[in-house]
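Asks: Here is what each chain is made of, one letter per residue.
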Amino acid sequence: MSFWKRVLVRTVLCSVAFGAIGWVGSLTTAQETPTLASLQEAADAQKLATDKLVVGLDTVWVLVCGMLVFFMNLGFGCVESGFARAKNCVNILSKNFVVFAVTSVFYWLIGWGIMFGGDGGTEHADDYIGRAGLIAVSGEDTSPKMNADYTGAYGAISWAGVPLWAKFFFQLVFAGTAATIVSGAVCERIKYLSFIVFSAFMATVMYPVTGHWVWGGGWLADAGFWDFAGCAVVHSVGGWAAMTGAYILGPRIGKYGPDGRVKAIPGHNMTAAFIGCLVLWLGWFGFNPGSTMGVGDGSLIARIAVNTNAAAAIATLTATATAWLLLGKPDLGMTINGCLAGLVAITAPCAWVTMNESLIIGAVAGSFVVFSVLFFDKIKCDDPVGATSVHLGCGTLGCIAVGLFAEDPKGNLLAPAAGLFHDGGMTQLIAQLKGVAAIGVYTVVVSAICWFLIKFTIGLRVSAEEEIEGLDIGEHGQEAYHGFVMAKSEN
Amino acid sequence: MSFWKRVLVRTVLCSVAFGAIGWVGSLTTAQETPTLASLQEAADAQKLATDKLVVGLDTVWVLVCGMLVFFMNLGFGCVESGFARAKNCVNILSKNFVVFAVTSVFYWLIGWGIMFGGDGGTEHADDYIGRAGLIAVSGEDTSPKMNADYTGAYGAISWAGVPLWAKFFFQLVFAGTAATIVSGAVCERIKYLSFIVFSAFMATVMYPVTGHWVWGGGWLADAGFWDFAGCAVVHSVGGWAAMTGAYILGPRIGKYGPDGRVKAIPGHNMTAAFIGCLVLWLGWFGFNPGSTMGVGDGSLIARIAVNTNAAAAIATLTATATAWLLLGKPDLGMTINGCLAGLVAITAPCAWVTMNESLIIGAVAGSFVVFSVLFFDKIKCDDPVGATSVHLGCGTLGCIAVGLFAEDPKGNLLAPAAGLFHDGGMTQLIAQLKGVAAIGVYTVVVSAICWFLIKFTIGLRVSAEEEIEGLDIGEHGQEAYHGFVMAKSEN
Amino acid sequence: MSFWKRVLVRTVLCSVAFGAIGWVGSLTTAQETPTLASLQEAADAQKLATDKLVVGLDTVWVLVCGMLVFFMNLGFGCVESGFARAKNCVNILSKNFVVFAVTSVFYWLIGWGIMFGGDGGTEHADDYIGRAGLIAVSGEDTSPKMNADYTGAYGAISWAGVPLWAKFFFQLVFAGTAATIVSGAVCERIKYLSFIVFSAFMATVMYPVTGHWVWGGGWLADAGFWDFAGCAVVHSVGGWAAMTGAYILGPRIGKYGPDGRVKAIPGHNMTAAFIGCLVLWLGWFGFNPGSTMGVGDGSLIARIAVNTNAAAAIATLTATATAWLLLGKPDLGMTINGCLAGLVAITAPCAWVTMNESLIIGAVAGSFVVFSVLFFDKIKCDDPVGATSVHLGCGTLGCIAVGLFAEDPKGNLLAPAAGLFHDGGMTQLIAQLKGVAAIGVYTVVVSAICWFLIKFTIGLRVSAEEEIEGLDIGEHGQEAYHGFVMAKSEN
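If you read the sequences in order, they're chains Z, E and D.
Taken in order, the first sequence gives residues 0 to 490; the numbers are from numbering that gives the first Met the number 0.
Taken in order, the second sequence gives residues 0 to 490; the numbers are from numbering that gives the first Met the number 0.
Taken in order, the third sequence gives residues 0 to 490; the numbers are from numbering that gives the first Met the number 0.
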C-alpha cells in the first residue's frame, strides 16, 4: 500500500480521535454567509471537541499521577532494604519487586470488582462487598460518562470522568502500595513464598473489601467517613496487616535481649534509604493530587500539592528535632520516617484543610512517629523499618485530623462535615473514629487468619540458621553485594 | 523600562501564545446584540483556541513521555552495572552516560533526516533511506499541521500533530535506547573509546535506516509490517548489534572453563539493579503509551498503559517461577530480566491486543527469557546482562505476537491485519516474520562491518591484564567505591 | 445518606469543577430551533469551558515540571554524597534532605513575599524588595487572572495564568535548588546545625531578594537584565554563597599538603553520582521548559526541551574529551560535572537561542568546567564536588551567552535585546554583566555576614577529630554502610 494512502487513513483516524481536527475543515471552508443552522452545527462540533479535551486532559493527569504512585515501589524497596541488613537485601528487594506484580494480577482478577463492582446503590446489597462485573474487570462500562449518564458495572467510581482503564490503572497502583507496606514490618525473617501468598490475599480479601466500604459506596461511606487519598483505606490497612504479621512472626533473633534490652540493628545502606524516601515524596505528588482523578480548573490539585509538601517538610523538621532532643543526635532514619509520617498524615485531609493546618498536622505527625517507633520497641513488636508507626500510626492521625480540621463544606455534600476546630462539633470526628476502628478490626482479624493459614501450611518463618546467615543465601542463593568484604559478625 | 510596560507587553505576548485569552476580552465586552457575523467570529476564534489546546495537550504528553524514556538511561545503566562486577562499574556507568550524549549529537546531525526525511511517498526513491532535510534537522517543516495539511521535509511523521521539536525529542530518546542496549552485551571487556565510536555508528547508519523502513514510510511499512512502539525497530536492532558485538569480542576471561563449564559471574550491586529495573518499568509508561504521540480521548493511552503493566507483571511472575523450578531458587536477576522481557514483548502489540492477550504475551516472554539466558550461555555467547535474550529474543516474540493476536482492524488501515488467532490467517504473521528477518540481516551485517572497522583501527578489546584488573582503573583511573574493602579474587 | 444522593451531589460539584460538562446537558437537549440568543449563550459557555481548560492544562504542566525540579533534591544529594567520602555520607544525605524541608517552611513564611510581593510597579518602592502580602503567602490574590485583569499582592508574577498555589509550588522548588547548591561546596567539614541555619538565611535574606530584582520586577529587570530560568537567579546565587562558605570554612584537612601539593580525595560511590546526575538531567526538563509556566501552542516548551538536552549532551562530550586530553583518562566525575555545566549554562538563554547555538554554549561550558575545577584547586578553594565551577562558573557563562546569542526580539519587549552575534551590539551583553556583578556583590556580602554570624555563635566547623573520624559518627551517631568493611586510612 502506498504511503499516501496510509497517510489518508491516518487523517481519518485522527479525525475520529481528535474530534476538533475533522471539524476544522468544514468550518474554515464555510466562508459563505453563516446561518443559524451552520452556527448551531459549529457550536455542537465545538462542544464535542471541548468535551474530548476535558477527558483527554483528565486522563493524562490520572495516568501521570498513577505512574508516580507506581514509582513508589522503588521508594518502598529502597527505604526498607536500606534500613535492614545487607544479608537480607536481595530478599527485601525481591519482595518489593514481586509484590506489585502479584497485586497487578490479583487486583485485576477480582480486587477491582470487589472494590468498585455495583453502584453502591440504594439497596443495601452492595454495602459490604462489590459484586457486579466481579471477575477480570469484565463488566459493562460506559466511561468516561459520568454519574447519572454512566451505566455499567462500576457505578461507584463513575464520579471520575476518565476511561475505565485509566481508573483501573490509578486504583491498581494504590492497591500495590497497601501490600508493599506490609513488607517492611515482616522483613528479615519471613519466607519469600509466604510473603508472596500473603500479597495475593491482600489484593483480594483485604484491601478491596475495606476499600469498598469507603470508596466503593459501602457502609462506611454511608456512615459519613471521609478519607480523601487513603490514610485509612491504604496506609492503615497496610499498617494493621503489617503489625499483625510482625506480632505473629515474632521479633528477629537477637533484637530483644533476655535482660529486656532492645538492641539497635542498624540499616546497611543510607544512600538507598535517602533515594527511597525522596522517590516516595515525589510519588506522593501523584498519590494525593492525583486522587482528584481530574484537573478541573487546577486550583484543587495545586492546593493539594502544596499541602502535601508542607506536611512532609515540617514533619521532617519536627522528627529531626524530636530525635535530636530525645536521642542526642539527629538520626537520618528518624528524619526519613518523619518525612513519611507527614506524608501519610496529610493523605486523608489534604483536600479539605488550609496550608497552615497542613503544617500543624505534619508537625504533630513528625514528632509522633519518633515516640511511636520507640513505643513499639518497648512493647517488643519488632518492626524493622517502622512501617507500623508510619502507616498505621500516622494514617490514623490523618483520619482524626479530618474530624478536627475539615473546613465547613458550605452545603457541598461531597466533603466531610466541618471539623471540631471549625465549629462542627464532634460529628465528623466520631465518624472518623468509627471508620478507623471498623477498618482496624476487619483487617486485624482477616490478616491474622491469612497469616495463620500460611503459617500452618507452607510455614511463615525461615529457620534460625537461615535467619542468622541471611535470607539472601537461604531464599535466593545470591548475595546483594558480591565482591565487597562484609563484616562477619551480625551484619 | 517600567514594570507595567513590561506587563502590558507580556499581555500581548500571552494573547498570541494562548489564543483564547485575547479573544475573551472582545467577547465579554460584546454585550451588544449578537449578530450572525459576530457569532461566526466568536466561533472561529473559539475553534482556533481549541485547536491550540489540542496541540498543547499533545505536546505536553509527548514531552512528558519523552522525559520518561530519557530516564530509562538511568535504568539501563543501573541494571547493567549492578549485574556486572564492581571493578568495571565506573566504565559501565560512563558508557551508559556518554552513549546518550553521543546519540543526541549524531541523531540530530543526520539520524533524524535518514529516518524521517522525505515523505516516504509514492515514488520509491525513499523506500530505503530518507534524504530530504537530511542534515541537522534543517528541512522545511509546517508542524503541527498534520497529514495532507503538512508540507515540509518530514512528511513521514506528519501523522503526529505536535511541533517539530517535540517529535524530534521523542524520537531522539528512542534512538538513545537502541544504542544503550548494546552496552550490556559487550561490557567488562570493550574499550571505552571503541564503544563511543560504535554508538555514533548506531545513531547514524543502523537505527535510523531500519527505522526508516518501518516508521519512515519505507519498504517494510509498505510490506505491511507493524511494530507499534519498537519491538523490532528499537529492541531487536539493539539486540542484533549487541549479539554481534558479544560474539566478535568473545567471552570474558574465565567465563567458560576449558572443560566447557560455564562459570557464573555474579553482579556486584542488586540494589542498583532493582532501582534500574523499576526505573525502566516506569520509563516504559512513556515508551509505549507515548508512542501514540497524542492524547485523543484518552482511551488508547490508558489501554496501552494497563497492557504494558500487565505484561510486565505476569512476566515477572513466570520468570521467577521458571527460575525457581529450573534452578532451585528464585534468582533476583531472573526476576528482573523477566520483567524486562514482558515489557519488551508487549512493545509491538500493546495498542492492538486486549488485557487478557497482554497477560498471555507477558507470561510467555517471562518464561522464555530464562531459557534464552541459559541457551546463550550454552552456545558460549557471553552476554553479561542477558541483553540479547531480553531485547532480541523478546523483541522478536513481540513482533510475532502482532501476527498472532492483532485484533480485527475493521477497515482501519492504520493497524495490522487481524492476527492468526483472530481468524486473520497467516498474512500478518508472515509480514511480521519478514520484517524481523530483514531488520536482523541488515543490522547483523552492518554492525559486524562497524565492529570490525573499529577492531582493525583503534581496537575493540582491552588487554587481558586490564580486563583482570578491571576496566575502571585501566580506562578511567578511578574506583567506583573508594574506601570500601573489596575481595581480591575475581571481583 | 444514600449512594445516589451522593452521586447527584458529585455531579453538581463536578459541573462546577469542570464547567464544560454541566453545559453539555443544556446544549444537547436544546434541539429546538437555535436563536441568536441561544447561540450567544452557547458561545459564552463554550468560552468559559475553554478558558478553564487552558488554566487546567497550564496548571498540570507547571505542577509536573515542579515535581521534576523537586526530584532534583535526590540528584543533588546523590551527586554530592557520591563525590565525597563514605565517612561523611549520612551527613551529606541529611543536609540535602533537610535543606528542602527548611526552604519549604521559610520560603513560605517570608521568601515568597519578598520575591513576588508588590506589583514591582511604576513607583520605585518595590525596586529592591517585595513587601505586599509579605508573611505566609497571605496577600489578596485573583490568580489565575492575568496581567491587567489581575488584582492582588503578587502582581509581579501575574504574567503566569495558573492558580496561586501552582505558582508557589514551582517557585518553591526553585528556591530549594539554590540552597542545595551550597551544600556541596561546604561538605565534609561543616556542622549540621550550622548548615541548617544557613539554609534558612538562604531562603529568606538571599535568594528571594536578588530573585525579586530580576523576576519580581525589581531594578535589575528594569535595567534590562534577562535570565530565563535562573542561571544567575538560582545557580550563581547558590554558587556565590557556596564559594564564600568554602572560603570561610577553609579546606578539608589534608587536601592541600604543606608543600602546596593538591591531594585528590576520591568519591566513595560512583553509582550514586551517576544516578544523581541523570536525575538532575531529568529534573532540568522541568526546570527550563517549566519556566514558561504555561503550555501555549507547545512550540516554545518543545524547543526549550531540545535546547536543554543538546547543551547537556555536547557538554558531556567536551568535558569528557577535555579531561581525557588534559588528565590522560576520561574521569567519570568530570563527565558528570560536564553534563551539569551544560545544563546550567543553557538555563538563562534556552528560550532565546537556536539548537545550533545551544550546542555552542554547551560545548564551551563542558570544556570550561574542567579548567575551572582545576583552577579552584590551584587557588586552594576546596570545593569537594565542584559546585562553584558548575553553578557559579557556568551560571555566569549562561548569562553572558544571553548577551551574545539572544535572537532579535523583533519588537517583542518580553525578551532580551539582540545579542552581540545577532547585530545587537554590546547593549544586552553589558546589561548581563551588570546583573551578574550586582547579584554577585550582594550574595557574597550577605552570605559572608551570615556565615560569620553562624561562626561566632554556634560555630561553623566540626572539630579536627570529628572531621578525621567522619561527620557521620560525630554529627549523627550513624554509619552510612553498616556491615561493610571500610579501609581504615583516609576513607
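Simulated from the structure, these hints should not be mistaken for lab results.
It is possible that part of the hints are untrue.
Identical copies look the same in the list; a pair holds intra-copy or inter-copy alike.
Simulated crosslink set (DSS-like; lysine-lysine; CA at most 25 Å straight-line) [stated by the list, open to error]:
id, residue 1, residue 2
1, Lys46, Lys144
2, Lys328, Lys487
3, Lys454, Lys328
4, Lys454, Lys379
5, Lys46, Lys254
6, Lys409, Lys433
7, Lys144, Lys254
8, Lys254, Lys377
Asks: Give a verdict on every hint.
Replies: Consistency of the hints with the structure:
no.	hint	verdict
1	Lys46 with Lys144	both (15 Å within a copy, 22 Å between copies)
2	Lys328 with Lys487	between (27 Å within a copy, 24 Å between copies)
3	Lys454 with Lys328	between (40 Å within a copy, 21 Å between copies)
4	Lys454 with Lys379	within (21 Å within a copy, 44 Å between copies)
5	Lys46 with Lys254	neither (65 Å within a copy, 66 Å between copies)
6	Lys409 with Lys433	within (24 Å within a copy, 54 Å between copies)
7	Lys144 with Lys254	neither (55 Å within a copy, 59 Å between copies)
8	Lys254 with Lys377	within (11 Å within a copy, 46 Å between copies)
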